[in-house]
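S.K.: All chains, full assembly: derive it from the sequences and hints.
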Amino acid sequence: MPTSTTGNSSNFLQWSCLPVCRFPQQRLPDGFTLMELLVVMVLLSLLTGFAVPKIRTALFTDQLKATARKLIGLVNETGQQARIEHRSYLLIFDPAARQFRVRAAEKKGEEAVPSIHPLSLPSDVQILDFSSVHGGKQDSGELTLMFSKKGYVDKTLIHLRDDSGRDMTLALSPFLGVTRLYDSYRTVEQDTFQ
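According to my numbering, the sequence shown is numbered sequentially starting from 1345.
Just so you know, these hints were derived from the structure itself, not from any lab. Keep in mind that the hints are not guaranteed to be accurate.
[What the hints assert, rightly or not] With a Cα cut of at most 27 Å, we get these calculated DSSO-like pairs of lysine-lysine:
| id | residue 1 | residue 2 |
| --- | --- | --- |
| 1 | K1493 | K1481 |
| 2 | K1414 | K1494 |
| 3 | K1414 | K1398 |
[As the list claims (entries may be wrong)] Pair ranges (Cβ atoms, derived):
| id | residue 1 | residue 2 | range |
| --- | --- | --- | --- |
| 4 | D1406 | V1383 | 32 to 38 Å |
| 5 | V1384 | Q1424 | 17 to 23 Å |
| 6 | S1389 | V1522 | 37 to 43 Å |
| 7 | M1385 | Q1443 | 22 to 28 Å |
| 8 | M1385 | S1432 | 56 to 62 Å |
| 9 | G1375 | R1427 | 26 to 32 Å |
| 10 | M1385 | V1522 | 38 to 44 Å |
Quick reminder that beta carbons are idealized off the backbone N, C-alpha and C, glycines included.
M.R.: Laid out in structure tokens, this is it:
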């Protein structure tokens, strides 16, 4: 740090002050002004006002997608239950009741698994068929899907359709536990993901 040898104290103060003291006429702002905060709040309100109705429409009024998401949850829950209890389970779709239910594969009775709640379909969604590599295509009567003791399931496609004719396909992977959702009717041959 340079010191003054001539006795000029202003020179000494110029070099020895902290950087904040170097420019005393410039003052850092303490915060945002009320006007800046109001502008930001108005912009956020406008963006939220445009985004929320679209999100609400997409999530809550599309019964086909909502049903597909619930069915994915039921498939995952059934696979987990099979792994936990080390038992084989059947996921059964009853077209007369328009309902998916789960029961143990060993029991021939209609004893449902109490921890897994049945899934009822909305009136505007229908299940077209189950297509699997080894089980073929099931499109009439009770449709069943077998989960092994390890939670594995045959490579299966579940086809759904709504009243407007729009199709969706749930693709279940045998060993990965991954369920993919397609916005169209896909066949087993078209589904390349193993």
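S.K.: Check each numbered hint against the structure and report the violated ones by number, ascending.
M.R.: Numbers 5, 7 and 9, in rising order.
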